[in-house]
Amino acid sequence: MKIRPKIFFPVLSGTMLLIILISLTLGKYPVPLQDIINFFSYKLFNAGNINPEKLKLLSNLLMEIRLPRIIAAILIGASLSVSGASFQAMFVNPLVSPSLLGVLAGSSFGAALGMVFSESWYIVQISSFSFGFLAVIISVGIAKIHKGNSILLLILGGVISGAFFTSLLSIVKYIADPYDQLPAITQWLLGSLSFVDSSTLKIMLIPQLAGIILISLFSGYINALSMGDEEARALGVPVEKIRILLIFLSTVISALTVVAAGMIGWVGLIIPHIARMIVGPNNKVLIPACALIGASYLVVVDDISRLLFSIEIPIGITTSLIGIPFFAIILKNARRAWN
Amino acid sequence: MKSSLELKDLSFGYTKRKILEDINFTISKGQIVTILGPNGCGKSTLIRLMLGFLKPDKGNVILDGKDLIYTTNKELACEIAYVPQIHKSAFPYSVIDVVLMGRIPHKSFFFKYSKGDLEIANDSLKRLSISHLADRPYTEISGGERQLTIIARALSQGARTFIMDEPAGGLDYGNQLRLLEEILKLSEAGYTFIKSTHSPEHALWIADRVIMIKNGSLFADGKSDEVVTSNNLKSLYRIEVKVEKVNGSIRVCVPQKLYQK
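Those sequence lines, one after another, are chains A and B.
If you're matching positions, the first sequence starts at 1 in this note's numbering and goes up one per residue.
If you're matching positions, the second sequence starts at 1 in this note's numbering and goes up one per residue.
So that you can see chain B by itself, here it is in the shape it has in the complex (with noise of 0.2 Å):
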């Protein structure tokens, strides 16, 4: 069986409104998934409930056949890595230490991290090119190199499947381009990404799939060529943008408002 993560009628909202209602889809491991959707659709909900910090109202998270519900902490850990928005912690950590939490779900109840920890550790951080930063405080680094230590983190997790809630939201435009080429170099090598963003392109430029929401509901999911698309932006965001080929092949939105003044 190929693993996968299912999301099965899944509907969830309180008792007065409903924030997401009968999604269904499967992801299927070593795809990039992008989640588009004005803000308030029902993003962040739908990630919460991937990641099983929320229990749906209806319908079923199943991860490799196992329905979420059953599932320990632990357990979802060592599968799933989770990646929020870039934060400030409140203590400065040094970087290795925050990278070295990847490790909690393989250790016992009262633990002490070993060396293999250590270098499992250290290899994350080599993989993202941030050796470094090992020992700097994880306060005063850039939102960028943040950004790279939490994946870092999610790596030495040793979970295939990473869910960022907008990890590129608060970076600035290169650093934003330098996390997708991450994200694609780990593709690459196996890893499956299931990631919202406000950002259309990134998208068109990484994403293998892209999933829409429009009021808590599917509005779209399929290939990002085919998805991403003039008239789907418009009833997403009512906005008129075009979506336009450059140099042939690579895809970018061109506002239409601004385009003609």
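Isolated chain A, as found in the complex (with noise of 0.2 Å):
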């Protein structure tokens, strides 16, 4: 028996470590790796020596404005490739993507909602998680009054759910007004990790995580559920509850994605795949794959957005463009990996 896994979790967490210590050196003012790294050691363990005034401007900088974006670049990274992994296998599909159910598109229209009709973040943020839920809610819904093949139901739940909320989303966009909300919506839907504040942070850190480790936890059956609802039954799964759960956890994590950063696609698409050649196809090793992939991978073009050019670009527009031929790339091995 090959006992793979025991080495990829060791290179992959060294992996994102270091994007992570790299990237808290770039910015428009760049801090050396051995200010940084002298920074957390006086911090963690109290040891070495900074002058005071280095140590509080580093304090500022790194704990205040890079840390915590990325953290979120961490969260929404893994969050929306677990979310992805788990629905390609549960849909037996490995072409769908955590939008699938409709989440995203009712949370952007949520998000819309809020900033058409309250001045408060607050608010913004709560009708956007609640809409986002609605919209998985109405998917399941009609899934669920219709007798049949549940999987095919509930993905025409979702194309009808998601298809609703977006044509909503347009209304919402349509009354804007055009030189104040309009604009901030826009912005919105191209997703941005600047969006992100610590109190934002605050309130998706531990769902997020819970949610991760949950879905991580049964990837077990998620196996079972690949192989189709009847064999996943004969197997002793206990699909319809497992599934709700399963969707229930996603819905959490992706609206979660959706309201601390906009939108920010592909992500889900493609690092299941990525992580899929890496690693191989069984979840109990791909769902925290994924988790490290992503994570990793959102980071690094986060910091592309926010380099690149003098002005940062929306990041759903960089993992498109990032995403989009990358994907058309690994498409023929992709395709080796699930056929």
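Keep in mind the hints are simulated off the structure, nothing from the lab.
Owing to the predicted nature of the structure, the values given are computational and were not obtained by experimental measurement.
Treat each hint with caution, since some may be false.
[As the list claims (entries may be wrong)] Heads up, simulated EDC-like pairs for lysine to aspartate or glutamate below, C-alpha to C-alpha not over 20 Å straight-line:
#, chain 1, residue 1, chain 2, residue 2
1, B, K55, A, D229
2, B, K74, A, E240
3, B, K74, A, D229
4, B, K88, B, E145
5, B, K88, A, D229
6, B, K55, A, E240
Got two chains here, separate frames each, mind docking them using the hints?
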């Protein structure tokens, strides 16, 4: 028996840590790696000496600005990739993404609605999260009222619910104030990690971590679900219960990504493919690997977004611009991996 | 009490169309039972009812004295394993990973496979002489090998009854016969097989008992030699076939119209 997974995790975690360290050095005000290591060894272990002025500067720059943004990128990248991987397995289709059941469309509509009718950022976030959830409830509801193949009905329910909330979003854009609200909505829909403040980070941290860990723990069942409903059932899996639970967890973590940073596309589709090429299809290994690779990927993409040009490019644009050609290139390999 | 799978006054159908009506039979352990019937006669529905995938509209499916509707998926999976028609999985799991899935009914909610599970899975592969496939992707092995993998998974499940929906469908000639050999071997070791097939000869060769379904009703039920007859096949499939003995023992079906030419 091969013990492959044992080497993947140290390598992937090590890579992620390295990417985090390098990303901390990058920015309008470059900080040498040595300073960052000194800063953290001082902060964490009280070791070494840094002059107080520099300490204040680094503390402000790293702890207030760069680190929260990196943590947000990690959480969002991991959440989208993990929910993408679990959806692909659960719906026995390697081409689906976390948006399948309409959560991203619903959350976008909710955010836009909040921006038009409320000044409060808090309300915008609550509205975004709630409508993301509502969109998924509608998809599941549509699947439930009809008898038949539940996977197919869920996908159709998702198409309907997604289209519905996309049209509602158009209405909101149409009535939004074109000088003030519309640009805000548009910017939101393009996604940016600069939206993330520390209070948002505090709200998303625990649920997203918990969601990712729980989905990973269900990966044995996810394997069985990917063989189709009847086989999973015959293997003793309580199919309907597990699926609803997984849809719930995926919805929580992906709705929170929109709440925090707007629409970030493609991550949930391509990362599971890349991860599958590296670690293989077994979800027991794949799902934790997706979390690490997705997190590293989004940190890198965010670095590119904020550094490539003098102004920041919305991260939704960068993930698409990188994701689409990349997907076209890996398509051949990816196809071998699922066929 | 001898353990068994009992179907009692079983009916199933959607509001307008009855698919199965008043099916009654009992299968005791250790038998090979073949279900024969034309396309659309309700064979697959019958199999889905026996696996608990569908709930009967009337009547009961009773496993060892307990109605299936009171059995959890997990309990059922420890008794009955399902071998579907060959299929390709969407993801290229290794053969050993597929066989390990058979251990799921013995695991708790958040589970990890143990060394013991891996041993059981490897033993199942060895029993079917496919140990060499363990690390191959399930999607890249042949149809016959895939079917053996699914049977190995059923063995790891620890179930004593295997329900198979056209297990030979889509297999080439050699693999069909090899599959029958494996089924015969396992049945001698005490496993029960309930399988549907489109080939009456498979029933003649390895089945102890044949159940014929026609238009959703039980048409015939008995020893394979007594049930698979020219008359019954004609009435089931509307075709002239003679059942003949070759070498004094094994029976084969000889199509009459082709034979005359």
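Status of each hint after checking the structure:
Our distance criterion of 20 Å between C-alpha atoms is met by K55 of chain B and D229 of chain A, whose separation comes to about 16 Å. Taking the CA atoms of K74 of chain B and E240 of chain A, the gap is about 13 Å. The hint holds against a cut of 20 Å. Restraint check for K74 of chain B and D229 of chain A: the C-alpha separation of about 14 Å stays at or below 20 Å, so the hint holds. A hinted pair counts as satisfied when its Cα atoms are at most 20 Å apart, and K88 of chain B with E145 of chain B qualifies at roughly 12 Å.
Note on K88 of chain B and D229 of chain A: the hinted pairing holds, with a Cα-Cα distance of about 14 Å set against a maximum of 20 Å. Only pairs whose Cα atoms come within 20 Å are accepted, and K55 of chain B paired with E240 of chain A is accepted, the gap being roughly 15 Å.
Checked against the numbered hints above, the structure breaks none of them.
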